[in-house]
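Make the full structure from the sequences, and use the hints.
Protein chains: 2
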Amino acid sequence: MGARASPDSPTEGGSRGPVDMGSRVSREVGGTAGGRRLAVVDLGSNTFRLVVFEYRPGGPFRLVDEVREVVRLTEGTAPGAPIAPAAVERATRVARLFAGFCDGSDIDEVRAVATSAIRDAPNGDEVLQAIIDAGLPARVVSGHEEARYGYLGAINGTTLTDGLIAELGGGSIQVGRVEDRLLTHAMSQPLGAVRMTDAFMAGDLQTPDDVRALRRHALDVLRLDPWISDAPRLVAMGGAVRTLATMAQKAAAYPLGEVHGFLLSRDALRDLIDRMTALPRRERRRIPGLKADRADIMLAGAVVMDALLQAAAVDRVEVCAEGLRWGVFWEAFLEPADPPLVPDVRETSVRDLAEVYGYDRPHCEQVSRLALEIFDGLARLGVHDGDPREREWLHAAALLHDVGTLVDYNDHHKHGHYLVLNAGLPGFRHRELVIIAQLVRAHRKSMQPPGALGALLKPRDEARILRLAACLRIAEQLEVGRARAITGIDCAREGDLVTLWLRAHGDIDVAMWSARQEAPVFKRATGQRLAVERA
Amino acid sequence: MGARASPDSPTEGGSRGPVDMGSRVSREVGGTAGGRRLAVVDLGSNTFRLVVFEYRPGGPFRLVDEVREVVRLTEGTAPGAPIAPAAVERATRVARLFAGFCDGSDIDEVRAVATSAIRDAPNGDEVLQAIIDAGLPARVVSGHEEARYGYLGAINGTTLTDGLIAELGGGSIQVGRVEDRLLTHAMSQPLGAVRMTDAFMAGDLQTPDDVRALRRHALDVLRLDPWISDAPRLVAMGGAVRTLATMAQKAAAYPLGEVHGFLLSRDALRDLIDRMTALPRRERRRIPGLKADRADIMLAGAVVMDALLQAAAVDRVEVCAEGLRWGVFWEAFLEPADPPLVPDVRETSVRDLAEVYGYDRPHCEQVSRLALEIFDGLARLGVHDGDPREREWLHAAALLHDVGTLVDYNDHHKHGHYLVLNAGLPGFRHRELVIIAQLVRAHRKSMQPPGALGALLKPRDEARILRLAACLRIAEQLEVGRARAITGIDCAREGDLVTLWLRAHGDIDVAMWSARQEAPVFKRATGQRLAVERA
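As you go down the protein sequences, you meet chains Y and L in turn.
In terms of this note's numbering, the first sequence opens at residue 1 and continues consecutively.
In terms of this note's numbering, the second sequence opens at residue 1 and continues consecutively.
Everything labelled a hint here was simulated from the structure, so no lab data went into it.
All of these numbers come straight from a predicted model, not from anything done at the bench.
One thing to keep in mind: the hints can contain errors.
Copies of one chain are not kept apart here, so a pair can be met inside one copy or by any two copies together.
Said to hold, decoys possible - Each computed PhoX-like pair below joins lysine-lysine, with the alpha-carbon atoms no more than 25 Å apart:
| # | residue 1 | residue 2 |
| --- | --- | --- |
| 1 | 291 | 445 |
| 2 | 414 | 523 |
| 3 | 523 | 458 |
| 4 | 291 | 458 |
| 5 | 250 | 291 |
| 6 | 291 | 523 |
| 7 | 523 | 250 |
| 8 | 523 | 445 |
| 9 | 291 | 414 |
| 10 | 250 | 445 |
| 11 | 414 | 458 |
Laid out in structure tokens, this is it:
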């Protein structure tokens, strides 16, 4: 689409969906097509970006389009200096492009926000006016508002309840403190990657001394706010952070292409700093994941992030691909809620994905209900320990098991695996995403090992997947007739024989026969024999 | 979903879409959700199958659900004998299941057809009545009707205009002769795979003599109709044919998982016959692609197909995964057209896929228009030879280039590649499918080689893809602002410099700047330098 061909650095996260299905049946909705189209424009220091969200009020939503243009507003100017005429010209031209985009692309509403570069420039008002005159109704947001938008993006895209949220831009960094999902402190400091490059790393080659000097400066500035130092978790956003995540993923041959939810360790960050410091600026673009248009500012960005980890005393940062632009979206989408918070991020992610791909809600909910009854029954019998996380994964996989039919009915278990892995489930760890995708893959036909994705699993996860898959497959077979004929399942155990006693109405002979075909999988999963009988 | 876990043999083809978009804007449609749900039930000799088509009249359509139950109506009975009581019991039970399915799954209409096993059995009326009494409103179709449904499936799922269409079932084979897309002759003969297994291959091990005897018998029967012998093409359908295709694909490490459109050569078919003959019946299921529930009938099926190729004097068969059930669907979908024929199968496939995935129609059509103007302009300048097939691929890729945004905006070029390859484009050869998918992949970011899919390409196809990708990428950049600001392109050449002169309204500075970034790709593709100027 419109995004410039140059940058391979991932953008803010993609397709996401509904908050509350209410009583609607999915068939009546079918994705976001025909919904409201909101253009969110982020007039940042390095880049102007327009993203289009398509949504139905209270219903599914997704990011459907994007244009990204590099403007580098603060290039070549010292902090405090006015934005240069050439940069104003670039900004105006892109604003005109975006205004034309909104006119030509059925946009219902535009929300354009200018951040620190324009806010802090002595000629910021003039630059803003030039942008407005170009047809783009923009406003400057305060540092506090900017931090709040980042907070809204992060809090609705992760499970963070207590910790720090940081958004690193070209001009500044915003850091917020979150307690019980509410923003309790926020600050903005001019530590952006472009600005720090100009201030500390102007030359072609940087020395360890340059790195130390910037780290010291950043630490001093960050520690002005004492609340930064005692956070149990750190979530970070922004293009620089996403690029660092991509670089770390490439360096580690990470098996998933998803940046959102990636855990970037301090060790990995330090390795990246060392690799960049070892190369002259021009040659850094050869580092996998570091594309040309960010190659020269990423070292400064990495050092500022490293200083933040040090200041916060955490050993890793959770990458969030849903920042400021998502915050602006959430505010519009959840209006008039204040603060606009999604009640349950994980359940929302699952429902959203199911909804966007047009799931058969009554069927999927029945499969979920039956699978969880089997899971709970087996836990009561001591066949497994009934881990509530496993239960949640099983529920998610049951709701998503058929999403692949959107690609093709044939092999829809494989297509569903692809869709879940690639669309992502904000709020779930990557390990959990792999488990859920493997369950979707395993709901029919032959079971397959996770392959390279196994690197994200813990030692006993494959056994967990097999156990959950057995529950899901039996439930799916019990619902073979789509008649929701089975109203309850009682599990009983005698020696190594587990019997599922089905309460039902109508003829369930084929369903029982079908479920019994899963006995070999059940045996592998639990060591038990399986019987399926009518109560 | 409901399909039994046992058979990995592919089913009739999956998600397909609209015939004529008329003037609707895709945003107002958004896939098939909320459309009419038609259950088509195929009461075949080996298998009863229920498939659900979801569609909007005149709009997109797709196959969204399926239940498949093995019944083997003719098992253990000689031709002409009544269907055995145990088989009637199995049939009734499955009919009850299907009736419950339709009640519980929002089905608007059921069209259930019984074919040769019930039609030809002395107790067929009784079996049909038992099925109707079980709640499934079924009817027996004549051999001529059965052939016609197969014909409708094949003619609307391939580009066949003149040739033979065959559908091989468990009880019989239907063959039709097509001229100018119309069915001119049709016949049905009791040469089905189950029936021929019982008649010629009842033992555990078959000898070459058994194979010869069946081939001779099949040839004799097939040659009763003289029109069978002079067909330029042969398209074949049915579960046995799909299974043979899968087996041949596995044997050749075919890089695509799509059966529809596969070209099964007579040599490959003979190899499969040799491999099956070499093994006792029980061990044949170990042959990749041949699952347990068909393992014992596939040899007979393969021999009958081989006889058909011999009778028709063709050296390969084109596999069509859209047979009888699709024919029943087309009749309902295109009512009252008679015969219900899709005007342009290839364009319909492309529009369908775009529509099901909710494409941005104005944007995609503008990209197509600009890309084709560049393509045509370069052809006039002698930069390439303007092959009309290449032009059609470019058009298809332009309409489909953004379908991957349904998965995630990030990497949507990769997701689009996956969707096109896996959803398929009936009417296009697999080679063409790979070319179009590669173009979708290449419309932004870095260009990637086809990898294993390259095995399906011809020697000069990668150069073709590069040339078409250059046109597509430039067009996409010219539409960066979604404003459809460029109204025409004139191409001019001076030495090794090609200039695109743009006619436009409004500011197109960013679009021109963006398009110029494609100069390196253009140079690789055409050997020419690129200039982009306003006329």
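Results for each hint:
1. 291 - 445: between (41 Å within a copy, 11 Å between copies)
2. 414 - 523: So residue 414 and residue 523 pass the 25 Å test inside one copy only (24 Å; across, 39 Å).
3. 523 - 458: For residue 523 and residue 458, only the intra-copy Cα distance (22 Å) is at most 25 Å; the inter-copy one is 49 Å.
4. 291 - 458: neither (32 Å within a copy, 33 Å between copies)
5. 250 - 291: within (13 Å within a copy, 40 Å between copies)
6. 291 - 523: So residue 291 and residue 523 pass the 25 Å test across copies only (22 Å; inside, 50 Å).
7. 523 - 250: neither (39 Å within a copy, 29 Å between copies)
8. 523 - 445: within (16 Å within a copy, 48 Å between copies)
9. 291 - 414: between (32 Å within a copy, 18 Å between copies)
10. 250 - 445: between (33 Å within a copy, 17 Å between copies)
11. 414 - 458: For residue 414 and residue 458, only the intra-copy Cα distance (22 Å) is at most 25 Å; the inter-copy one is 29 Å.
When held up to the earlier numbered hints, the structure conflicts with 4 and 7 and fits the remainder.
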